[in-house]
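Q: Let chain A serve as the given structure and place chain B on it in line with the hints.
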Amino acid sequence: MLELLDLNHEEVVDYYKDLVYKLACSQVRNESVAQDVFQDVFLRYIRNKKKFENEDHRKGWFIKVTINCSRSYFTQTYMKREVPILMDFADNNKAENYIYYYVLKLPRKYRLVIHLFYYEELSSKEISEFLKIKETTIRSQLKRARVLLKEYMKEDGFDERL
Amino acid sequence: MKDYKKVNEEIEVPQGLVDQTKALMNQRVKPRGFIFKRVAFAVCCLFVFMFSIPLVHSFNAPKEIEKEFVFNYHDKEGELATFETGTTKTNDVVLFYETIDYKDAIVYFPFLTQINVSSELNYKDEQYGYIYNNETKQKEYGANLSLTYRNRLESKDSSEVINKEITLLVEDKRTPSCFGEMVNINKKQSIDLYETRIKEDEYVSAVFKDDQYRYQISFKNISKKDIQAFISSIL
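In order, the protein sequence lines correspond to chains A and B. Residue numbering for the first sequence follows our numbering, beginning at 1 and increasing consecutively. Residue numbering for the second sequence follows our numbering, beginning at 1001 and increasing consecutively.
Chain A on its own, in the form it takes in the complex:
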């Protein structure tokens, strides 16, 4: 367990910018919206009065708040009427981008566990602790996400990549 680092606000941004931004991207699938979420998360951090016990605690807080901010973005009225433009990466024709494209096609909850498991390289136990969801649920969501990805790719003839 990483001890709480003595970081000022700017250092916190530098430390967690990748985590927040990439998680937001995977959640909202739109760069401009992800940027809004990014700012929103760090501004919430400023207003936050919670004292963190260690760095994992702070990391968990950022993950949770990023998810909540992304979720609240979709509940906004104007978003219900609009269809967001998918990120450039999702349209990229590079071979390695296909997998990203298919991940973004997944339902949000599956995108989340895939992102945390494969990009943030968190264990299912850590994800369950951060999200306060049972570990078995995380595992089953991961399993279903993989199955869905396989199905998507099979439809497009890329099943051999998985």
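Hints should not be assumed to be uniformly reliable.
Unchecked claim - Simulated crosslink set (DMTMM-like; lysine to aspartate or glutamate; CA at most 20 Å straight-line):
#1 A:Lys50 <-> A:Glu129
#2 B:Lys1005 <-> A:Glu10
#3 B:Lys1022 <-> A:Glu10
#4 B:Lys1006 <-> A:Glu120
#5 A:Lys109 <-> A:Glu151
#6 B:Lys1022 <-> A:Glu31
#7 A:Lys59 <-> B:Glu1009
Stated by the list, open to error - The following label-pair restraints were derived from C-beta to C-beta distances:
#8 A:Arg146 <-> B:Gln1020: 31 to 39 Å
#9 A:Lys105 <-> B:Arg1038: 49 to 57 Å
#10 B:Phe1041 <-> A:Asp14: 30 to 38 Å
#11 B:Ala1023 <-> A:Ile133: 34 to 42 Å
Source of the hints: derived by calculation from the structure; they are not laboratory data. Each residue gets a CB set at the ideal place from its N, CA and C atoms; glycine is no exception.
A: This is chain B only, laid out in the frame that chain A set:
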């Protein structure tokens, strides 16, 4: 799934976004409890303001002095009846002084504990006086009343007795309709002290004025400084 990680790593957080976010954070950074401190400060100010009002009034209020120094004038017939309405306390000695127009002056000196009357008695003289002893309930006549007193206020140590001779002369400029009225010099009356000479003796006169009257007490063989201390000790 390695490709997924690879693609994610290629995604870069725009530097402009990071800078803008930092600027926003710095703009919004306020000390913890910022609002609470302001509200608390405002409430404190309000309380201070509210409590300061009676406090200011109490400062401005006339000072209540336990030691009363009262001139009380009565006409000759009603002296005892009106005297009882006075504010004398135990061991008080009351000084009567009869003026030329036969009006009695009663002076309450709460600080006097002992009184001696001079040996010269002159009933026929137009200016004569007498002392009413509160303990004996008797008049003691005398001209140029000579008093020995203990000034309890001047001497913090009660064992120390300061003996001084005081001669009291009262100049009465009242009108008869005002007899019996009590004048308390503890109120905001100006007290002027001046030195005077009557016959061969030197006096220091303390003059009190109110809206209608002028009261004068002359102290014999006591310095002006002592009189000042004496008056300030009783006021």
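Q: State for each hint whether it applies.
A: Checked hints:
no., hint, in the structure
1, A:Lys50 <-> A:Glu129, "holds, 18 Å"
2, B:Lys1005 <-> A:Glu10, "violated, 26 Å"
3, B:Lys1022 <-> A:Glu10, "holds, 6 Å"
4, B:Lys1006 <-> A:Glu120, "holds, 12 Å"
5, A:Lys109 <-> A:Glu151, "holds, 17 Å"
6, B:Lys1022 <-> A:Glu31, "holds, 19 Å"
7, A:Lys59 <-> B:Glu1009, "holds, 18 Å"
8, A:Arg146 <-> B:Gln1020: 31 to 39 Å, "holds, 37 Å"
9, A:Lys105 <-> B:Arg1038: 49 to 57 Å, "holds, 50 Å"
10, B:Phe1041 <-> A:Asp14: 30 to 38 Å, "holds, 36 Å"
11, B:Ala1023 <-> A:Ile133: 34 to 42 Å, "holds, 36 Å"
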